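Participant: Given next are the chains, with one letter for each unit.
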Amino acid sequence: MSFLMNRHTLTVASLCGLLLMLVFISYAVDVRVFTRIATTLCINVVMVVGLQSFMGNTGILSFAHIGFMGVGAYTSALLTIPAQMRGMALPDLYPFMEGLSASPILAIFLGGIVAAVIAAAVSYPLMRLSDAAAVITSFALLVVLHTVMLHWSEVTNGPRTLFGLPAITSLPLTAIVAAGAIAVALMFKESRLGILARATRDDETAARAMGINTPRVRWLAFILSALLAGIGGGLWGHFVGSFSPKAFYLKETFVILGMLVIGGPGTITGAVLGVFIVTAAFESLRTLEVVLNSAQIFSGQVVGVTEIVLAFSMIAVLALRPGGLVPTREIGDAIVGLIRKRKG
Amino acid sequence: MTELIQFVIDVLALGGAYALMALGLVIVYGILKLVNFAYGELIMVAGYTLFLMDGTGLPWLVMAAVAVLMSIFFGVATDYVAFRPVRAKSVTAVLITSFAFSTILQNAALLFISPRARNIPLPDVFSTTVTIGGAVTPLRNLLTIAATIVMLTLFTWLMRRSILGIAMRAAATNFTMARMLGVPANLIISSAFAISGLLAGVVSLFWLGRIGSVVPGIGLEPLLVAFIATVIGGMRSVPGAVLGGFLLALIDTSLNHILPQDLLKFRDAFTFSFVILILLWKPDGLIKGPASGQRT
Chain A
0 MSFLMNRHTL
10 TVASLCGLLL
20 MLVFISYAVD
30 VRVFTRIATT
40 LCINVVMVVG
50 LQSFMGNTGI
60 LSFAHIGFMG
70 VGAYTSALLT
80 IPAQMRGMAL
90 PDLYPFMEGL
100 SASPILAIFL
110 GGIVAAVIAA
120 AVSYPLMRLS
130 DAAAVITSFA
140 LLVVLHTVML
150 HWSEVTNGPR
160 TLFGLPAITS
170 LPLTAIVAAG
180 AIAVALMFKE
190 SRLGILARAT
200 RDDETAARAM
210 GINTPRVRWL
220 AFILSALLAG
230 IGGGLWGHFV
240 GSFSPKAFYL
250 KETFVILGML
260 VIGGPGTITG
270 AVLGVFIVTA
280 AFESLRTLEV
290 VLNSAQIFSG
300 QVVGVTEIVL
310 AFSMIAVLAL
320 RPGGLVPTRE
330 IGDAIVGLIR
340 KRKG
Chain B
0 MTELIQFVID
10 VLALGGAYAL
20 MALGLVIVYG
30 ILKLVNFAYG
40 ELIMVAGYTL
50 FLMDGTGLPW
60 LVMAAVAVLM
70 SIFFGVATDY
80 VAFRPVRAKS
90 VTAVLITSFA
100 FSTILQNAAL
110 LFISPRARNI
120 PLPDVFSTTV
130 TIGGAVTPLR
140 NLLTIAATIV
150 MLTLFTWLMR
160 RSILGIAMRA
170 AATNFTMARM
180 LGVPANLIIS
190 SAFAISGLLA
200 GVVSLFWLGR
210 IGSVVPGIGL
220 EPLLVAFIAT
230 VIGGMRSVPG
240 AVLGGFLLAL
250 IDTSLNHILP
260 QDLLKFRDAF
270 TFSFVILILL
280 WKPDGLIKGP
290 ASGQRT
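So the sequences go chain by chain: A and B. For the first sequence, numbering that gives the first Met the number 0 begins at 0 and goes up steadily by one. For the second sequence, numbering that gives the first Met the number 0 begins at 0 and goes up steadily by one.
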């Protein structure tokens, strides 16, 4: 019973329940579009929860996150594109890479690990920076990653679309991975390291005075975040089957960031809730765009309305509720609090 | 020798544009300690203003002046939409709201104008070339250098001699104290955004003059340049921003000459890695600004 009462277990259980409900509804409805949306939603949960584990705990905005998503997607592609298609998909591939292959599931996780290794290698110096300088350099890192993806034709097929990934990503698989990401992120948040990271977020000077090695703590959080981003990227790659480097740039960054900010970067509950709310709003707006376009009310194509609405809601949320919808208390904490109140 | 002259002119012209961009970012950062992510979109706004006025038959200088005015107007609008509602909150909040504002402007351009590139009217002087000491260079480059000198002189005079400049410097050093001594906060902040818009507007003429057309995403590159220049130079220092701009231009131009053809496409990656190295060595940038008080 005490195990069930544990607020962290409750948080994970409630959030996973939400995902499970999504899977059930999608099977009950059994419409292709809905399943696609639900799968994308679960992938976004992995991405946003990954970003939360860095941004929420250290308080530093990271733009590089989507770059690591790209690293994961390309790594996984490199390992799984069938041998007979490689000549076409990657005509300039290095000979020693031609023999590489792994099962898609393994490849997705290897993609996460490669992303984490790259993050570990490049980011340590950046973690010494705070505030604006940290954000700007993470932005520079995104540009570096994007430039490399765009021009390293041997491995990424350059700016052209890379195709041939086996489409193995299904809704149950993404839901399971998303549940795993939620559990890992919560474990990190409640671990000693997570608490140290939040100490550096709340007062950097005091944290340093107490002997916390700020760059190291941030570095480890960043590696975890890149790991999850890489896995998310691999999942996404095997979902869409073909992509080009421009999929991993500012537009995507904006969506992921918007989900986290609206939900609340401080909590995992907020991160997950943000994904659900923004996805729902996005899909309805996109439907509206399609309806407007097919009705031809306006002379040209209606594009970009969804982004504009998302942007205004981000500004509104930050102005009215700076911590997002769920600023500090996880859902488990809230449930435990409710039960205690009823007993007392 | 010819090559050296060519190289120096290239660095000075590019560096001038970079420095002015960086200056516009630093002037806001100096006072608010907040980064304006929507800064690059001011260039886009100026570009579309020129595009919309194409064919009105106005002299080009009038169109350019209107474009700069629009850039100033949107600079001040950034303050009202993205900064004022969340100014007192976290650094991250403002970064996100200004990022959101930049998305709004970009998507508005997508929605109301077009996702495709639009040609902008340019005067003939922009396409003529001159020969200096054997080096053939576009007259545009020399104009950029001249504009940089004029703007920097004007800026220095404004900051050193005018009451507004003195009040802004006071606000940059200790905002709370400046307010207590009767410096109107909102006016100072709006003026900083207006000056930032003026700088972006002037740069945009030369930046767009090089490209000849405008697309919704045009603001990204100048924004990055301004970011990186300020980080190298020191986020709080005005001379640092100028130095950072020229240094970045030097790195870029040198890489253009040094790098072999097949590595040239990775130039941005090299530049930014270099920047990361500079930051390893000096996390606060090359020139430390005035020791400033709390963020306000």
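Misleading hints may appear alongside valid ones.
So these bits of chain B aren't anywhere near chain A, every CB distance computed over 12 Å [claimed, not checked]: (1) L24; (2) V34; (3) D53; (4) A92; (5) L94; (6) I95; (7) R160; (8) L163; (9) L180; (10) G216; (11) K264; (12) L276.
In silico lysine to aspartate or glutamate, DMTMM-like type, Cα no more than 25 Å apart, as pairs [as the list claims (entries may be wrong)]: (13) B/K88 to A/E203; (14) A/K245 to A/E203; (15) A/K250 to A/D130; (16) B/K32 to B/E220; (17) A/K245 to B/D283; (18) A/K250 to B/E220; (19) B/K287 to A/D202; (20) B/K88 to B/D283; (21) B/K264 to A/E288; (22) B/K88 to A/E288; (23) B/K264 to B/E220; (24) A/K245 to B/D53; (25) B/K281 to A/E251; (26) B/K264 to B/D53; (27) A/K250 to A/E203; (28) B/K264 to A/D332; (29) B/K281 to A/E203; (30) A/K245 to A/E288; (31) B/K32 to A/D202; (32) B/K281 to A/D202; (33) A/K340 to A/D202.
Just so you know, these hints were derived from the structure itself, not from any lab. What you are looking at is a predicted structure, and each value in this text was computed from that prediction instead of being measured. Note that the Cβ used here is the ideal one computed from N, Cα and C, for glycine as well.
Participant: Hint check: B/K88 vs B/D283, CA-CA at most 25 Å. Holds or violated?
Facilitator: 23 Å, holds
Participant: Is the nearest CB of chain A more than 12 Å from the CB of B/A92?
Facilitator: Per Cβ check, B/A92 is inside 12 Å of chain A; nearest 5 Å; violated.
Participant: Are all beta-carbon distances from B/G216 to chain A longer than 12 Å?
Facilitator: Nearest chain A Cβ is 8 Å from B/G216, so the label is violated.
Participant: Would the pair A/K250 and A/E203 pass a check requiring their Cα atoms to be no farther apart than 25 Å?
Facilitator: 31 Å, violated
Participant: What's the verdict on B/K32 and B/E220, does the C-alpha distance respect the 25 Å limit or exceed it?
Facilitator: OK: B/K32 and B/E220 at ~22 Å, within 25 Å.
Participant: So if I understand the rule, the pair passes when the alpha-carbon distance is 25 Å or less; does B/K264 with B/E220 pass?
Facilitator: Cα-Cα ~15 Å, so holds.
Participant: Is it true that the CA of B/K264 sits at most 25 Å from the CA of A/D332?
Facilitator: 51 Å, violated
Participant: Holds or violated: is the Cβ of B/L180 farther than 12 Å from all Cβ atoms of chain A?
Facilitator: 27 Å, holds
Participant: Given the hinted pair B/K281 and A/D202, is their alpha-carbon gap at most 25 Å?
Facilitator: Judged against 25 Å, a Cα distance of about 23 Å means the pair holds.
Participant: Can you confirm whether the C-alpha distance between A/K340 and A/D202 stays at or below 25 Å?
Facilitator: 32 Å, violated
Participant: At 12 Å, judged by beta carbons, does B/I95 keep clear of chain A as stated?
Facilitator: Given that some Cβ of chain A is not farther than 12 Å from that of B/I95, nearest at about 5 Å, it is violated.
Participant: Just to be careful, I want the Cα atoms of B/K88 and A/E288 compared with a cutoff of 25 Å; is the pair within it?
Facilitator: Outside the cut-off at roughly 34 Å; violated.
This entry does not satisfy hints 1, 2, 4, 5, 6, 10, 11, 12, 14, 17, 21, 22, 24, 25, 26, 27, 28, 33, going by the numbered hints stated previously.
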